[in-house]
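Engineer: Residues per chain, in single letters:
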Amino acid sequence: MFEAVAFYLFAFLTITMFWITVTTAQALYALSALAAGMIFISAFFFILGADFLGAVQIIVYTGAVMALYAFGMMFFDTTREVKEKHGNKYIVVGLSVLAAVMIVAIFSAPIISTNMQAFYPVIEGAGNTQMVGLVLFTKYLVPFEVAAIMLLVAMVAGIVLAGKKMDLSLTLLNAQEIQAIEDEKNKKVLS
Amino acid sequence: MEIGLNHYLVLSTILFAIGLIGVMRRKNLLMLFFATEILLNAVNVGFAAISHYYGDLTGQMFAFFVIAIAASELAVGLGLLIVWHKRHGTIDLDTMTSMRG
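Quick note, the sequences are listed as chains V and U, same order. The opening residue of the first sequence carries number 0 in numbering that gives the first Met the number 0; numbering runs sequentially from there. The opening residue of the second sequence carries number 0 in numbering that gives the first Met the number 0; numbering runs sequentially from there.
Just so you know, not all the hints are guaranteed correct.
What the hints assert, rightly or not - Quick look at which bits of chain U chain V covers, simulated, 3 or more residues with Cβ under 8 Å:
1. 10 to 23
2. 39 to 45
3. 54 to 60
4. 74 to 88
Stated by the list, open to error - In silico lysine-lysine, BS3-like type, Cα no more than 30 Å apart, as pairs:
5. U:Lys26 / V:Lys184
6. V:Lys186 / U:Lys26
7. U:Lys85 / U:Lys26
8. V:Lys186 / U:Lys85
To be verified - If the Cβ cut is set under 8 Å, some of the chain V residues that face chain U in the computed set are:
9. Phe6
10. Leu8
11. Leu12
12. Ile40
13. Ala42
14. Phe43
15. Ala54
16. Ile57
17. Val91
18. Ile102
19. Pro120
20. Gly132
21. Ile148
22. Met149
23. Ala161
If you are wondering where the hints come from, they were derived from the structure by calculation, not from laboratory data. Every residue, glycine too, gets a C-beta built ideally from N, C-alpha and C.
Can you build the whole structure from these sequences, using the hints too?
Structural biologist: Have a look at this one:
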């Protein structure tokens, strides 16, 4: 009973929040609604008994991803309304419905063929976090390490792309070199 | 009333459709990124539900990897977006038609 109430409540909230995200013209509203939707998504994970996944969802999405978006938005002019040109609405709606039906088909295909068996079954007498650890560090160790390297590559790429003149450290230069950089800057402004 | 796997799959589909609508109607690249996050989250819900109802942990593992991929995609994408904004002063999708596509 409580599960049903929680499911429908959070389903309604999540759909509302994500709908606001894709329809609003204000970037800040979209960001806040997306953050709220992420938190509500984690409620489903808690209902489903995936406690660790729910905690990771909150920490990574609302902690890291949303903070990164907020920092990124400082670079862009978000105070003005987002002007958008809209194409044919029927094509958009039709393609969305088609893709959604295909997703249902993909997910329901193995369920209809009922000979599905648990690959890594739930271990008796272990908590969710313990089970996750057991499976992640035995069966999925190599993908885990690859994901770690991928995150490192993404971090380096982000720093290289966003950080300009990162190879230049003002604390390591002497006074004349700093003066030369200042002169260069002034020359650019004047010209 | 019992909540079954189908409830979660339908919810996942609805969220995925919302994300797709966002991807297709947004022209601002930052908004496009938001829609992508919605898509990934919708899939995560489906993974977690299947993991729960079949007593299998593979779904949760994939959800973790999806989260990792989302984080790295965001880092690289936002970096590229900042470079583009520095160079052109706009993040509108219609300005990126240098190949006349």
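Engineer: Provide an ascending list of the numbers of those earlier hints which the structure does not satisfy.
Structural biologist: 5, 6, 10, 11, 13, 15, 16, 20 and 21
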